[in-house]
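Engineer: All chains should be built: construct the whole structure from the sequences, respecting the hints.
Chains as they are written, first to last, in this note's numbering: chain A, 1 to 206; chain B, 1001 to 1206.
Heads up, a few of these hints could be off.
Calculated from the model, a selection of chain B residues having no Cβ within reach of chain A, i.e. all distances over 12 Å [as the list claims (entries may be wrong)]:
#, residue
1, Q1025
2, R1068
3, V1145
4, H1148
5, G1205
The list that follows gives simulated cross-link-like pairs (lysine-lysine, DSS-like), each with its CA atoms no further than 30 Å apart [said to hold, decoys possible]:
#, chain 1, residue 1, chain 2, residue 2
6, A, K121, B, K1121
7, B, K1046, A, K46
8, B, K1054, B, K1121
9, B, K1046, A, K121
Since the hints were derived computationally from the structure, they do not count as laboratory data.
C-beta atoms are modelled at their ideal positions from N, C-alpha and C, and glycine is treated no differently.
2 protein chains.
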Amino acid sequence: MTIQITSRQANVLAFIRARIERDGQAPTLEEIGEALGIANVSAVLKHVRSLEAKGRLTIEPNRARSIRLVRESDPMDADALELPLIGRIAAGEPLFSEARVDRSLRVSRSLFRLRPDYLVKVVGDSMRDEGILDGDLVAVHATPVARHGQVVAARVRGNEFTIKRLHWKGDVIRLMPNSPGFKPIDVDPTEDFAIEGLFAGLLRGS
Amino acid sequence: MTIQITSRQANVLAFIRARIERDGQAPTLEEIGEALGIANVSAVLKHVRSLEAKGRLTIEPNRARSIRLVRESDPMDADALELPLIGRIAAGEPLFSEARVDRSLRVSRSLFRLRPDYLVKVVGDSMRDEGILDGDLVAVHATPVARHGQVVAARVRGNEFTIKRLHWKGDVIRLMPNSPGFKPIDVDPTEDFAIEGLFAGLLRGS
DNA sequence: TTTTCTTTCACCTATTTTGGTGAAACTATG
DNA sequence: CATAGTTTCACCAAAATAGGTGAAAGAAAA
Chain A
1 MTIQITSRQA
11 NVLAFIRARI
21 ERDGQAPTLE
31 EIGEALGIAN
41 VSAVLKHVRS
51 LEAKGRLTIE
61 PNRARSIRLV
71 RESDPMDADA
81 LELPLIGRIA
91 AGEPLFSEAR
101 VDRSLRVSRS
111 LFRLRPDYLV
121 KVVGDSMRDE
131 GILDGDLVAV
141 HATPVARHGQ
151 VVAARVRGNE
161 FTIKRLHWKG
171 DVIRLMPNSP
181 GFKPIDVDPT
191 EDFAIEGLFA
201 GLLRGS
Chain B
1001 MTIQITSRQA
1011 NVLAFIRARI
1021 ERDGQAPTLE
1031 EIGEALGIAN
1041 VSAVLKHVRS
1051 LEAKGRLTIE
1061 PNRARSIRLV
1071 RESDPMDADA
1081 LELPLIGRIA
1091 AGEPLFSEAR
1101 VDRSLRVSRS
1111 LFRLRPDYLV
1121 KVVGDSMRDE
1131 GILDGDLVAV
1141 HATPVARHGQ
1151 VVAARVRGNE
1161 FTIKRLHWKG
1171 DVIRLMPNSP
1181 GFKPIDVDPT
1191 EDFAIEGLFA
1201 GLLRGS
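Structural biologist: What follows is the structure, encoded as C-alpha cells:
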C-alpha cells in the first residue's frame, strides 16, 4: 500500500503536477505558497518534505525548481519508462511511424523532471558546451510549447531533428548551438519550423 | 526513501523476522505480544497493520500465521539494471554501507557497453569538456583495472569520488580533468589511491 | 464443534505529525 | 555583488498516530 497523504498534501502535489505540465518546470516554494494561500515558504517546504518522505516526489538540495514527481499512478511499473529510439526523420513524416523505431530503452521515470516520450540520437558536436556529445541519446518530452532559453528538439525545413537552445525575441526565432565554430540558425517565419519537444534528459553509453 | 518506522515497530519487525528465520513460520499475534510484553493482541495487530501500511510486510485476512516480510528488491527482467546511487564516501568506508544508498534507478542494460554497477553524482564541472556536467549521474563499472586514457572513478587520499581521465606513464599516475581552469591531480605512489571503476555511461535528468 | 487465531469496538494517554507564522541564514547563479 | 530560491530556527495549536487495556465477535481448520 502506498502511504496515505493528507488532503492538503494532495493539493500541493496536484498544483506541482499541473505546473510542471503547463510550464515544463517545477514551481518555486513561494509560487506553491501563493497558489495555496500559504503566506510562508517554510510551511510549503514542510509539505514538500513530507511528500518526499512518502515517496511522491524528489527534491535536490539547494537547487531551484528541483522538485520532481516520482510516481504517476501504478506503484509498480510507473517508475519504468520504455523510451523508443527514433531514427532519422525525413521531411514531413509522422513521428512514430514504425519503420523508424530502431530499439527502445528502459529508464526509471524518476531520473527526469519532464516525462520523456522518446529518444533521439545526437549527430554532431554543436551542443558540446551543454554537455551533449555526438552519439548521445537525448530524451525528449514531446510538446510544441517552448519558452525562450529552453533546449528544444526542433525541425527546420522538414529536415532531421536538431537539438538547440531556443532564442525567441519578438518575432525572431533563433536556434543557438552551444559550441565554438557553430553558427546559430535563424528561422525565417515563412519556413517550415516545428518544435517537436523539450530536452528532458540525456543517456550516454560507455 | 522508505517510510520511517518507530523503534517499537522495529522491534516487532525484528521479532517476526527472527521467528520466521528460526521456525520457518510466522508467529501469531499472541506470540508477538508475549515476546514484546504486550498483554493484548489488538495492540499487536495495530503494530502489524502499521508495518503493512509502511510496506514492510504483508498479511492475509483471517489467515493464521500469514505475515510475510516484503523483500527489498525483486528481480526484474534481465534487461533492467537496478543501479544504486552512491552518496558521498568517507575515508575507508565499504562501498555499499546502507547509509549511503540514497536511491536507485532502473536502466536498460543495453544502453551500456560496460555493465555498470552503481551511479555516482558528479560534483563540479571539471570534466565539462567530456560532456560530464555538474549534477550528472555517472554509471561506474566497478573494477580496479584501468588503462591509460580511460575515464575512471577514483578516490585519492580517502576522499570522495572523483571522475577523471587516467594518465599513466611509467610510474607516474595522473588524473586529468578536462576543462579549462582545472589542474591535473598527480598521485604520489605513497598516497592512498584507489580506482573504484571505469566510466560506463551517463544519465542526466531534465 | 471446538480450538486456535484473527478482527473489531470502545476507551485511554503520550507523542508525533500536520499545518501554520515570521525572520534570518544560506546558496546558486548571472 | 545582487537576486531568486532554498533552508533552518523558534514558536504555536490542532489533529493524527502510537501504544496501550479489555472484551467480544468472526473465521478457519482439525
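Engineer: Give a verdict on every hint.
Structural biologist: Hint check:
1. Listed as outside the interface, Q1025/B is consistent with that label: its C-beta sits roughly 24 Å from the nearest C-beta of chain A, beyond the 12 Å cut-off.
2. For R1068/B, the shortest C-beta to C-beta distance to chain A comes to about 14 Å, beyond the 12 Å cut-off, and the non-interface label holds.
3. In this structure V1145/B is separated from chain A by more than 12 Å, as the shortest Cβ-Cβ distance comes to about 15 Å.
4. The Cβ of H1148/B lies farther than 12 Å from every Cβ of chain A, with a closest approach of about 17 Å, so its non-interface assignment holds.
5. Not every CB of chain A is more than 12 Å from the CB of G1205/B (nearest about 5 Å), against its label as outside the interface.
6. Proposed proximity of K121/A and K1121/B is supported: the alpha carbons are some 23 Å apart, at most 30 Å.
7. Between the alpha carbons of K1046/B and K46/A the distance comes to roughly 27 Å, so the proposed pair stays at or under 30 Å and holds.
8. A hinted pair counts as satisfied when its Cα atoms are at most 30 Å apart, and K1054/B with K1121/B qualifies at roughly 28 Å.
9. Restraint check: the Cα-Cα separation between K1046/B and K121/A comes to about 53 Å, which exceeds 30 Å; the hinted pair is violated.
Of the numbered hints listed earlier, those contradicted by the structure are 5 and 9.
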